[in-house]
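Novice: Sequence:
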Amino acid sequence: MNKYDTEMASKTFKVRLALLLVLLYACECTHGACDVTLCSDSDRCLLSADKRNCKCAAEYYGDLCDKVATSQVLCGKDYITIMVVEDFFKYYNVKLQSLHLGNETCGARQDTIDGVSYYIVRTTKEQYDYCGGKPLQKNITHVEYSLTLVSDPEVEGYILRDPTIRIEYKCIYPYFRRISLQFPIVPASSEAVMRVNELDATVMMSLYKDNTFEEAFASSPVLQLRDKVYVEIRVTDPEDYFHIGVNECWATQTSNPSKTEGSSHMLLLNGCVEDDTVQLLNVTEPLEGVRYSFDMFRFVGWPHDLYLHCTVRLCPPEEAKLCVPECKAKAKREVITGDPAEGLLTYGPIRLEALERPESNLLLTLVLPVGGIWIIGVFLLILIAFIKGGNKRIARISRS
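If you count by mature numbering (1 follows the signal peptide of the UniProt record, and there is no 0), then the sequence shown holds residues -32 to -1, 1 to 368, one letter each, in order.
Not one of these hints is a red herring.
Derived DSBU-like pairs: lysine-lysine, alpha-carbon spacing no greater than 35 Å straight-line:
| # | residue 1 | residue 2 |
| --- | --- | --- |
| 1 | Lys102 | Lys45 |
| 2 | Lys102 | Lys63 |
| 3 | Lys177 | Lys196 |
| 4 | Lys227 | Lys196 |
| 5 | Lys106 | Lys289 |
To be clear, the hints were calculated from the coordinates, so they are not data collected in a lab.
Assemble the whole structure, with the sequences as input and the hints as a guide.
Specialist: Have a look at this one:
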């Protein structure tokens, strides 16, 4: 069991996946026996009680027990797959055609992945009983599937010299028959938990301060118009397993993701750019995370806060192509098909920095001149009345 599987199994509430790899073979076999004088690491090499013989611990092989039996178990939505590096079986002289599950017709196949040759057995849920799967172990919360890969040793007359390899592997799923969450899921702030292939996955949407994506905003960001907004959506748990794709991203004035109630603005559609300022920043990297940016804007009406909403899809490795968008001309775009799990993430609010309103200054500028004109007008009327009154007095004095 590798370090990743150990960590996965320990997170019982977040990732309900367990892998048990057990290697059992005859102690009296001579092929592959380790050197007693070099058997010093008890984690890799096991001495017999009389210290005259030794054998490699589970997951190790080689004359010095220095090689790791690289293996992986994939617990899928409707299948269970085990892959073990071919070199391990060759060391123990185990041929491909001798490997099978409880039912001998359920054999292994060879495949090369990233330049490494593996022996692989893939069992669908429908084949589980037929291939010798053990009776399901159930409790209130979990159900356990268990299979055993065994080898038939080569018989020479009435004797055999090669060991029998037995690899027991298990997948423990939450006892839910629903394999994906109905759309939409209600996230807690910018984090959501999705169930894919009966495995819980945590997806997070974060906003970062610059294009290095090293420092995320710890609280609601306050930005100015045309500031770059850097968005990252990624699977935080389990890491390095699911591929992620973004179907749609849009902005609204409230936390309500509805595109029909109030104002909304589309940023990404079917995984492709819909707003001219949007830039996809990792289109050539593995789709374990999606990054993009856009220029800050606001809606014409009040309020001016923005809330981001994104529908995301999670795909297991063998269905990774379902998470890769095909961005053609807008008129020819095709909606991504398939049945990966889909969920909704919401982030917000993104606040617009409060600036002095130029319309208030303009209003004040207009009010002051108008007020001045009225004051001058009143003063002139008083002055005219005073002059007229003075003229009348002068006329009376002249007549008298």
